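Chemist: Chains as they are written, first to last, in my numbering: chain X, -10 to 88; chain Z, 173 to 338.
Honestly, the hints are just simulated from the structure, not real lab data. Note that the structure is a prediction, hence the values are computed from the model and not measured. Honestly, I wouldn't trust all of these hints.
A few chain X residues that face chain Z, going by a derived Cβ cut-off under 7 angstroms, partial list only [unchecked claim]:
{"hint": "1", "residue": "L(-2)"}
{"hint": "2", "residue": "V7"}
{"hint": "3", "residue": "G9"}
PhoX-like mimics (lysine-lysine), calculated; alpha carbons at most 25 angstroms apart, straight line [as the list claims (entries may be wrong)]:
{"hint": "4", "chain 1": "X", "residue 1": "K3", "chain 2": "Z", "residue 2": "K268"}
{"hint": "5", "chain 1": "Z", "residue 1": "K314", "chain 2": "X", "residue 2": "K0"}
{"hint": "6", "chain 1": "Z", "residue 1": "K242", "chain 2": "X", "residue 2": "K(-3)"}
{"hint": "7", "chain 1": "Z", "residue 1": "K268", "chain 2": "X", "residue 2": "K0"}
{"hint": "8", "chain 1": "Z", "residue 1": "K314", "chain 2": "Z", "residue 2": "K242"}
{"hint": "9", "chain 1": "Z", "residue 1": "K314", "chain 2": "X", "residue 2": "K(-3)"}
{"hint": "10", "chain 1": "X", "residue 1": "K0", "chain 2": "Z", "residue 2": "K242"}
Think of the CB as a built atom: it goes at the ideal place given N, C-alpha and C, for glycine as much as any other residue.
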Amino acid sequence: MEPSDDQKLSKLLKEWQVPGAPPSLDRRVMAWRERWWKILLTGSIRVPVPLGAALAVILLLMSVALVRKPAPSRADSTVNLVDFRPVDDPQVRIIRGQL
Amino acid sequence: MTSADLHAAYAGHKDVLYRFARRMTGSAVVAEDLVHDCFLMVWRDAVVYSPNRGTMRSFLIGVIRNLALKQLRRERPFLELEEDSGVCEPIDPAGKERGELVAQAVAGLPPLQREAILLAEYEELSLEEIASATGSELAAVKSRLHRARENLRCRLAPLLEMKGQV
Chain X
-10 MEPSDDQKLS
0 KLLKEWQVPG
10 APPSLDRRVM
20 AWRERWWKIL
30 LTGSIRVPVP
40 LGAALAVILL
50 LMSVALVRKP
60 APSRADSTVN
70 LVDFRPVDDP
80 QVRIIRGQL
Chain Z
173 MTSADLHAAY
183 AGHKDVLYRF
193 ARRMTGSAVV
203 AEDLVHDCFL
213 MVWRDAVVYS
223 PNRGTMRSFL
233 IGVIRNLALK
243 QLRRERPFLE
253 LEEDSGVCEP
263 IDPAGKERGE
273 LVAQAVAGLP
283 PLQREAILLA
293 EYEELSLEEI
303 ASATGSELAA
313 VKSRLHRARE
323 NLRCRLAPLL
333 EMKGQV
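Input sequences plus hints: build the corresponding full structure.
Modeler: If you want it as structure tokens, here you go:
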């Protein structure tokens, strides 16, 4: 190997030119650096499918449970006795039926 | 890191990082993503620069180098980072630009040899800086560079011979 071999190789390697960072990169970096708080309005997050599906099912079940009216139960029903008037003179007639 | 520090680091090193990532991965889109992720990590303090451990440039190159190797592993999970075996298969220069042929030859190097030659030849880092950026021993960097140059000399022999004739 000659001493100039490295120089020849270096010179040849330099023929592969690559441009510097594109303006689109500047825009991306400056965007999150200057307006990081906007992520609260416009940001998005990645959610794994199983987790997303589970959350969707839970939300669906909760909304169904909220929308459905509970069936009136006798135990919970209250009786209002404000207008209750006892009968003054009850004439009770006993009817005997024939068996 | 303050916003002003980040701005200064980005303005001063974005081109070096982008060129390195692009040559390392062979893709402009991936390189842009890697540089973006690199600065996002720095901004969010996911990685912290310490002046005791070298220059800011070495630090950032180290971050993007790790991201690039991770990307390469994702694309090719069984890729050997450092191969002792030579990759001497001279390229066929027919119908291609010289720069394109050089890119093809460099892309054929094992990743650790590739990063060493990219940092030494294109970004002109010293051996110590390369060792610092890649977290490697100086002797390992020298060895990788030596093997990378040997492999490239062999692969690019058709172009080197043509150049010698001119």
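Chemist: Confirm or reject each hint.
Modeler: Going through the hints against the structure:
1. L(-2): L(-2) of chain X check passes; min Cβ-Cβ to chain Z is 6 angstroms, inside 7 angstroms.
2. V7: V7 of chain X check passes; min Cβ-Cβ to chain Z is 5 angstroms, inside 7 angstroms.
3. G9: Status holds, d = 4 angstroms.
4. X:K3 with Z:K268: holds (16 angstroms)
5. Z:K314 with X:K0: Status holds; Cα separation ~20 angstroms.
6. Z:K242 with X:K(-3): Measuring from Cα to Cα gives roughly 33 angstroms; hence the hint is violated.
7. Z:K268 with X:K0: Holds, at about 18 angstroms.
8. Z:K314 with Z:K242: holds (23 angstroms)
9. Z:K314 with X:K(-3): holds (19 angstroms)
10. X:K0 with Z:K242: violated (30 angstroms)
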